[in-house]
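Asks: Protein sequences appear in the order of chains F and S. If you count by the working numbering, then the first sequence holds residues 1 to 220, one letter each, in order. If you count by the working numbering, then the second sequence holds residues 1 to 337, one letter each, in order.
Simulated from the structure, these hints should not be mistaken for lab results. Quantities reported herein were computed from a predicted structural model and do not represent experimental measurements. Heads up, a few of these hints could be off.
As the list claims (entries may be wrong) - To give an idea of the chain F side of the interface with chain S (calculated C-beta under 8 Å), a few residues: (1) T94; (2) G95; (3) E104; (4) G106; (5) T109; (6) V115; (7) Y118; (8) L123; (9) P141; (10) T144; (11) Q185; (12) G189; (13) S191; (14) G192; (15) Q198; (16) A218.
Said to hold, decoys possible - Computed Cβ-Cβ distance ranges for the label pairs, DEER-style: (17) A218/F / R239/S: 34 to 42 Å; (18) T182/F / D245/S: 21 to 29 Å; (19) A161/F / R256/S: 28 to 36 Å; (20) E88/S / R131/F: 42 to 50 Å; (21) E94/S / G70/F: 36 to 44 Å; (22) R30/S / G143/F: 50 to 58 Å; (23) G73/S / A140/F: 32 to 40 Å; (24) R154/S / G70/F: 44 to 52 Å; (25) E305/S / T182/F: 58 to 66 Å; (26) R93/S / A140/F: 31 to 39 Å; (27) R219/F / R30/S: 40 to 48 Å; (28) G143/F / K51/S: 21 to 29 Å; (29) R219/F / R311/S: 57 to 65 Å; (30) R69/S / G143/F: 41 to 49 Å.
Where a beta carbon is used, it is the ideal one built from N, C-alpha and C, also for glycine.
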Amino acid sequence: MAQEDPHSAGSEPTGSESTGVSRRTFIKGVIAGGVAVSSAAYLFRNSPLLTGGSARAGTVERLVGLTVNGQTRRVDVAPHETLAQTLRYKLGLTGTKLGCDRAECGACTVLVGDVPRYACSVLTHSVRTERITTIEGLAAPDGTLHPVQQGVVEEQGFQCAYCMSGFVMSAVGFLRKNPNPTREQLAHGVSGNLCRCQDYDKILTALERGAELSREVARG
Amino acid sequence: MATVRDVIPPFQLLQPSSLEEAVELVADRRDDAWIIAGGMDSLDWLKDRTKRTEAIIDLSQVDELRGVRELDGGLEIGAMTTLTDVAESPLVRERFGLLAEAASLVASPQIRHQGTLGGNVSQDTRCWYYRSGWTCYRAGGNTCYADTPSAINREHAILHASRCVAVSPSDTAPPLVALDAQMVIRRGERERVVEAADYFVGPDLDIMRMTVLEPGDLLTAIRIPSTWSGARFYFEKVRDREVWDFPLVNVASAIRESGGRIEDARVVVGAVAARPLRLTAVEQGLAGQLLNAQTIARAGEVAVEGARPLRYNGYKVPLMRNLVQRAVRGGPLPASA
Ligand SMILES: Cc1cc2nc3c(=O)[nH]c(=O)nc-3n(C[C@H](O)[C@H](O)[C@H](O)COP(=O)(O)OP(=O)(O)OC[C@H]3O[C@@H](n4cnc5c(N)ncnc54)[C@H](O)[C@@H]3O)c2cc1C
Ligand code: FES
Ligand code: FES
Numbered sequence: 001m002a003q004e005d006p007h008s009a010g011s012e013p014t015g016s017e018s019t020g021v022s023r024r025t026f027i028k029g030v031i032a033g034g035v036a037v038s039s040a041a042y043l044f045r046n047s048p049l050l051t052g053g054s055a056r057a058g059t060v061e062r063l064v065g066l067t068v069n070g071q072t073r074r075v076d077v078a079p080h081e082t083l084a085q086t087l088r089y090k091l092g093l094t095g096t097k098l099g100c101d102r103a104e105c106g107a108c109t110v111l112v113g114d115v116p117r118y119a120c121s122v123l124t125h126s127v128r129t130e131r132i133t134t135i136e137g138l139a140a141p142d143g144t145l146h147p148v149q150q151g152v153v154e155e156q157g158f159q160c161a162y163c164m165s166g167f168v169m170s171a172v173g174f175l176r177k178n179p180n181p182t183r184e185q186l187a188h189g190v191s192g193n194l195c196r197c198q199d200y201d202k203i204l205t206a207l208e209r210g211a212e213l214s215r216e217v218a219r220g
Numbered sequence: 001m002a003t004v005r006d007v008i009p010p011f012q013l014l015q016p017s018s019l020e021e022a023v024e025l026v027a028d029r030r031d032d033a034w035i036i037a038g039g040m041d042s043l044d045w046l047k048d049r050t051k052r053t054e055a056i057i058d059l060s061q062v063d064e065l066r067g068v069r070e071l072d073g074g075l076e077i078g079a080m081t082t083l084t085d086v087a088e089s090p091l092v093r094e095r096f097g098l099l100a101e102a103a104s105l106v107a108s109p110q111i112r113h114q115g116t117l118g119g120n121v122s123q124d125t126r127c128w129y130y131r132s133g134w135t136c137y138r139a140g141g142n143t144c145y146a147d148t149p150s151a152i153n154r155e156h157a158i159l160h161a162s163r164c165v166a167v168s169p170s171d172t173a174p175p176l177v178a179l180d181a182q183m184v185i186r187r188g189e190r191e192r193v194v195e196a197a198d199y200f201v202g203p204d205l206d207i208m209r210m211t212v213l214e215p216g217d218l219l220t221a222i223r224i225p226s227t228w229s230g231a232r233f234y235f236e237k238v239r240d241r242e243v244w245d246f247p248l249v250n251v252a253s254a255i256r257e258s259g260g261r262i263e264d265a266r267v268v269v270g271a272v273a274a275r276p277l278r279l280t281a282v283e284q285g286l287a288g289q290l291l292n293a294q295t296i297a298r299a300g301e302v303a304v305e306g307a308r309p310l311r312y313n314g315y316k317v318p319l320m321r322n323l324v325q326r327a328v329r330g331g332p333l334p335a336s337a
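Could you put the whole structure together from the sequences, leaning on the hints where they help?
Replies: In structure tokens form, the structure reads like this:
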């Protein structure tokens, strides 16, 4: 990471020129500022991208290769940017919803590795080396729905469905670890997701159907 | 639904990739950096703009701080081990089941997948006056807004309040205190080991901090000695909803018995004071006693001696009494008790 040079990335890193501060002058600046030289290696560029403010001097790489839904995409990520913001506003993956933005509803759930996490409450830079899967990445390339999605279609589990992608991602992550849950275990598995339309019973029935279809697919 | 207008104000992001780099950075930047482990407590402060920071030191890339290892017959748990990994660790479950249980009852699955044990024991209080940015004692002011005649204080302290009535919100802290755990803290080259019971501080000692951690300190691991392995354990958490919610009261105990008599006991209660409370008077009263209805009832009474409820949290007194009784008994009380 420390060695990564934004200029070797192939594409021109937006904004790095605009500050007029090169990495070299930055390091000098840091020494002059009395901070240990070693700190410089871990600095990330402070981005004006989301705030519209100007970048502070003394910042470095913010260009990361983020692996989302099996594709590695170069994206310019501000240090203070959450994964939900990167997915929705930088990569256009708006299937990931924002409900509370406070780890209290689950609408933003995505898989980091195989693990369901709240995309609203994790910095993108903290998971930049991980495989990320969103609702858009579940279906097969030929359009065949993921068995959990198919279960939702068959049982019509949701009403407004704002909470749906979060529930589906939670269920998919949970089922990878527990392919054969009881209804109660499945409910516990998706307990970090809320539905404002309050139809948990139908949601669970749909997800249970999804679990069943997942097992059928696994059996081949 | 809260309006999502929350772009976190900018900060510098520092990502050490090894323990030594992290230690060095934390020491170098002690005046202006904030450590994040899972960030589940920290990010909300920043989103709400009630606290700000120049820089974040993000420990997410420091793999050395993750994992559960055997150590001298006990266990050492890296500070960055997630609550899910603590809850599911065969070693923790087998030897210190109450800690696994407590970790499994924190918040929600997604939060446990990201929140760490080190962060859980170092998290700030949830008093919402304080968290909403009121300039109370804990924030450097000269009032406690949760302890006024019109204050809403259902979640607040019933014991050992001193000006501030906020409580320790952690679910894993009481089991760790009950198990005589030790916190391993690095500051530069120096390592110090602090007993869990001394790690947490109340407002009488320092009204603006929840733990002894000072700027420049990095919590690296939590050690659980073999002292209590094989004892009878109990953990219970009471909360409003069965998911997400912080404890209204939680209890952890470790009890060693022989021939129906209690040899030694640890009983610790959370969310009733600013730090997890080890009930030494209860423990002393239990030592040497037969485990019978009288012993159990007495333990509950001693536990709540001196409790001073506020306007809306009187329910915590019988709740704490009952939980302590259940902890001593090892399960629900019989209907007649
Ligand atoms: C909706 C919600 C519900 C919750 N419910 C519960 C609950 O029921 N029970 C419960 O116990 N908790 C609960 N929590 C609180 C808490 O966020 C989590 O328990 C979690 O374990 C915190 O860990 P973290 O690693 O994410 O913390 P962080 O936010 O990363 O850190 C918390 C604090 O500890 C410091 N810190 C962290 N690691 C270190 C280290 N290694 N060295 C020095 N300082 C360090 C940080 O600087 C920060 O001040 C809840 C949180 C939310 C948002
Ligand atoms: S938007 Fe992330 S949990 Fe609600
Ligand atoms: S279906 Fe409307 S929020 Fe869940």
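Asks: Give a verdict on every hint.
Replies: Hints, one by one, checked against the model:
1. The criterion of a C-beta within 8 Å of any C-beta in chain S is not met by T94/F, whose closest approach is roughly 13 Å, and the hint is violated.
2. For G95/F, the shortest C-beta to C-beta distance to chain S is roughly 16 Å, which exceeds 8 Å, and the interface hint is violated.
3. With a cut of 8 Å, the hint placing E104/F at the interface with chain S holds, because the nearest CB-to-CB distance is about 7 Å.
4. Taking 8 Å as the C-beta contact cut-off toward chain S, the hint placing G106/F at the interface holds, the least distance being around 7 Å.
5. For the restraint placing T109/F at the interface with chain S, the shortest Cβ-Cβ distance is roughly 6 Å, inside the 8 Å limit, so the hint holds.
6. Interface hint status for V115/F: upheld, as the beta-carbon distance to the closest one in chain S is roughly 5 Å, under 8 Å.
7. The beta carbon of Y118/F is positioned within 8 Å of a beta carbon in chain S (closest approach about 5 Å), and the interface hint is therefore held.
8. The restraint placing L123/F at the interface with chain S holds, with a minimum CB-CB distance near 7 Å, inside the 8 Å limit.
9. Checking P141/F against chain S: minimum C-beta separation of about 28 Å lies over 8 Å; hint violated.
10. Here the hint on T144/F is broken, as its CB sits about 27 Å from the closest CB of chain S, past 8 Å.
11. For Q185/F, the shortest C-beta to C-beta distance to chain S is roughly 12 Å, which exceeds 8 Å, and the interface hint is violated.
12. Restraint check, G189/F versus chain S: the minimum CB separation of about 7 Å is within 8 Å; hint holds.
13. The restraint placing S191/F at the interface with chain S holds, with a minimum CB-CB distance near 4 Å, inside the 8 Å limit.
14. The beta carbon of G192/F comes within 3 Å of a beta carbon in chain S, closer than 8 Å, and the hint placing it at the interface holds.
15. Annotation: interface hint on Q198/F violated; nearest CB of chain S at approximately 14 Å, more than 8 Å.
16. For the restraint placing A218/F at the interface with chain S, the shortest Cβ-Cβ distance is roughly 22 Å, beyond the 8 Å limit, so the hint is violated.
17. Distance hint check: the CB atoms of A218/F and R239/S are about 36 Å apart, consistent with the given range 34 to 42 Å.
18. Restraint check, T182/F to D245/S: a C-beta distance of roughly 24 Å satisfies the suggested window 21 to 29 Å.
19. About 54 Å separates the C-beta atoms of A161/F and R256/S, a value inconsistent with the hinted range of 28 to 36 Å.
20. Between E88/S and R131/F the C-beta distance comes to about 21 Å, which lies outside the given range of 42 to 50 Å.
21. Remark: the range hint 36 to 44 Å for E94/S to G70/F is upheld by a beta-carbon distance near 38 Å.
22. Remark: the range hint 50 to 58 Å for R30/S to G143/F is upheld by a beta-carbon distance near 54 Å.
23. Remark: the range hint 32 to 40 Å for G73/S to A140/F is contradicted by a beta-carbon distance near 51 Å.
24. Distance hint check for R154/S and G70/F: the Cβ-Cβ separation is about 48 Å, which falls inside the suggested range of 44 to 52 Å.
25. Between E305/S and T182/F the Cβ separation comes to about 44 Å, which falls outside the hinted range of 58 to 66 Å.
26. Taking the beta carbon of each, R93/S and A140/F are about 38 Å apart, inside 31 to 39 Å as hinted.
27. For the pair R219/F and R30/S, the supplied restraint of 40 to 48 Å is violated, since their beta-carbon distance comes to about 57 Å.
28. Checked against the given bound of 21 to 29 Å, the beta carbons of G143/F and K51/S, roughly 47 Å apart, lie outside it.
29. The hint said 57 to 65 Å for the Cβ distance between R219/F and R311/S, and at roughly 60 Å that hint holds.
30. In this structure, R69/S and G143/F meet the distance hint of 41 to 49 Å, their C-beta atoms being roughly 47 Å apart.
The structure fails to meet hints 1, 2, 9, 10, 11, 15, 16, 19, 20, 23, 25, 27, 28 from the earlier list, while all remaining hints are met.
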